[in-house]
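S.K.: The lines below spell out each chain.
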Amino acid sequence: MPVASAAAGRGSVLVLLPDPPGRPVSTLVLENIQSTLRAGDPGISISADYIALRAGGVSGLTAAQLSWFQAKYAGVRFDVIIVLEPQTMRAALPLRNALWPGTPLVFCGVGSRDYGDLRQEPEVTGALVSGEVHEDLDVIRRILPGTLHIALVCGASAAAAPTARR
Amino acid sequence: MRRFRRGRAYSAAIGSALHEAAPRLEVIALTGLGLAELKDRVAALPQQTVVLVYVYLYDPAGHPMFVGDLVSTLSPVSNSPIMELTDLSMGAGALGGHLLQPSKVGGATARLALRILAGEKASDIPVQPANAGSYIFDWRQLQRWKIPVSSLPPSSEVRYRPFSIWEHYWWAIMLAALGAVLESILVAVLLWQRRQARETEAGRKRAELETAAARDEISHLNRVASMGELAASLAHELNQPLAGILSNAQAAQRFLAQREPDLGERCARLSKTSARTMCAPARSSAVTVSVSGGATSATFNLTNTAGAASKVAVASGGTQSAAVNTAFANALAVTVTDANNNPVSGATVTFTAVPVNGASATFSVPAITDSNGHTSVTATANATAGAYTVTASVSGGTTSATFNLTNTAGAASKVTVASGGTQSTVVTTAFANALAVTVTDANNNPVSGATVTFTAVPVNGASATFSIAAVTDSNGHTSVTATANATAGAYTVTASVSGGTASATFNLTNTAGAASKVTVSSGNNQSAPLNTAFATNLQVTVTDANNNPVSGVMVTFTAPSSGASGLFANNTITTQAPTNASGVATATVFTANAQVGGPYNVTATVSGLPTVSFALTNIVNVSNQVSVTETGFARNRTTGVWTSTMTVTNIGTTFIAGPVQVVLTNLTATVAMTGNTGIYNGIPYITVATASIAPGKSATVSIQFTNPNSLSITFTPVTYSGAL
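Chain order of the listed sequences is A and B. With the first letter of the first sequence counted as 1, position 9 gets the number 9 in my numbering; the numbers rise by one all the way through. With the first letter of the second sequence counted as 1, position 29 gets the number 1029 in my numbering; the numbers rise by one all the way through.
No lab work stands behind these hints: they were computed from the structure. Possibly wrong hints are sitting among the right ones.
Said to hold, decoys possible - Example chain A residues on the side facing chain B (calculated, C-beta under 7 Å, incomplete): (1) Val25; (2) Asp49; (3) Pro94; (4) Thr125.
Since the model is a prediction, treat every value here as computed from it, not as a measurement. In this text, a Cβ means the ideal position worked out from N, Cα and C, and glycines have one as well.
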């Protein structure tokens, strides 16, 4: 008997979040997804899971991770899959196609540049966020017009690889 | 332009984008550096540099690193302003900018999901902007980097701007001003009332003096008139006989001088003389005229009638009293005489009351004297108590009679508040003003000697005690001293008299004493996931020595400054809240920080009193790092308990800190867990391991349920690291 099971009949939603757990941005987004869905239909079943992106390659998903998800969600269906941030989106697409083919996928926290790479995927929609470089530069030019240098602080995780390639 | 190093691909991509957007800017790549190295680098950046923090999920050692923590570490040492993508670093040291608000992102996405659940196809729903970005800046950072607020984009939100004294304490200032205005109005009203009372008292005394003077004048005139009448009467009584004697003697001399007196004429003259001589008493008498040696005599029947009514004297009822609106017991009786004290019949006597301060009387039908000169009327006191006079006089008379009457007050009927009607005092102390009342009869005349009973009507235990029993004085006044009992609160005290129709009501309030004790009301022993608000706000109750709630006491809540802790709504570890009318102070929402641990103490402090603490724990949801399985359920036919064994396996690569606890959400309806460790947010949970679970290791625990309907038992396990 599966311990985790989606409720039947009222709709079930799986929210896929980027590793590591407990990131403030993930927590806030998840809370608002849950509250909005519950407000729309209190009977909706909501499940949440994380995808460890540190180990992922270009697709963001290893064969071991795919096996684990297949075992964990064997026989469990979802009506909608929501994913946060572009790197999670890239890992979630092969996961959906393998476990839940045809299930609609809704993304969030994805900018227009990242969406450009995904627009050919079927049954995908979502809400685009701003946050492009030029907006930051506009602000800098306005409030600090004498700026000559930009010190760019980034992590070195594999999650950054697709963006770097683009 | 700085050249990018190998392994810095992501920053190179963003750097390229920056260079494309602003080719004059030099990009300094700080990619994949550890925290210590980053601190050194941002402290030594060239002038006119802006630090942009982008995706930074892990440090080079592979440990998770949240951007907010990164910014809060770099900001104090950085020599340049730091900007970030989201508003999550606001308050941690980031300058701000056009920031993404994750709270809005989730809502926009969920609404798209709801459309799909409602039947729309995802491919038919166009991708749309989330509208989740806003211009947000930290006022402290603007000050630090000398950036004028006027240079910010329109509709920018500036956070953490310090409040002015007015913004901080406007309610207290308004309250104080309102209190001062009300107090001024109260003082003005009291002064006006005191002036009115003084003027009224002076008028009353002046009227009493005038009345007394008038009464003395009337008495003096009465005495003078009586003396005059007496003197006239004496002179008359003496002169008349003497004149008669003299006249008769002269007549006799003339008779004797005649040789042959004419007896008939003499007799006639004698009869006239005798008649005149005998006329003084007003009575009938017979005059017999005879001659010496005569055979017959002549008899005259004469009657002297009383003269005009002249004097009125009190016969009875001269001094008496009666209750208001009742008849005097004795009639007001007078005797009317003429100037020679002969009773005059048929004289109409007029009774006239001389009211004093409204006290007066009415009389029965007009009084006409009888044959003895007597008459009387019945007097009835009017509704006003007090002493006054009634005069009885006749038309053309020289002397009137005076009655001294007094209307006495009726039975005590009404009790009204004289002073001390509304007041307050600290519990177990005496009220400053005595509870004073005025007792009057049904006609508002003050009643003396009435016993007034003061009775407290306790409300939730708040009451008072009183001094000795109260008896009214001549003005109908009496008072008692009230002492508040040990319970704070508002209540009433009634003052009444036996058989009365209206009682007086005092509104008293016992106020709490000084704050003496602080106790935790709610919010103790809670747990919350990292970066998540605790479900119950922290509350304490402040009471005085008698356990009465004390309002207006400022309570300071303080969380630990390092390690597992959290922030209040003001994004600091300290907040203050005043106690309300129930003595309860409630802190703003407290949000766990990003560090697992606990229980740690959040203190609540009131100046001068012992500090109390809340035990809180920051937990972390590790459901994605574990595999939770169970062996299937076995039912005990005797006890009816369904039992299984739950196994939690660490499938991650790092230790899961203990205790490890599983919350059983979505448990099948009508199924109840027994033997659970506790309840978390209304859901049962069980402790699987008290110590840490290493990667690849497992922990097991037995779980039991009651399942009266023998349903298939399902649940969704949510695993936490940290005590719930």
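S.K.: Tell me if the interface restraint on A/Asp49 is satisfied: Cβ within less than 7 Å of some Cβ in chain B.
M.R.: holds (6 Å)
S.K.: Next item in the hint list is A/Pro94. Is there a CB on chain B closer than 7 Å to its CB?
M.R.: Hint violated; A/Pro94 Cβ to chain B Cβ min 17 Å, cut 7 Å.
S.K.: Would you settle whether the hint for A/Val25 is holds or violated, based on the nearest Cβ-Cβ distance to chain B being less than 7 Å?
M.R.: OK, holds: A/Val25 within 7 Å of chain B, min 5 Å.
S.K.: Under the criterion of a CB-CB separation shorter than 7 Å, is A/Thr125 in contact with chain B as hinted?
M.R.: holds (4 Å)
In the structure shown, a violation is registered for the earlier hint numbered 3 alone.
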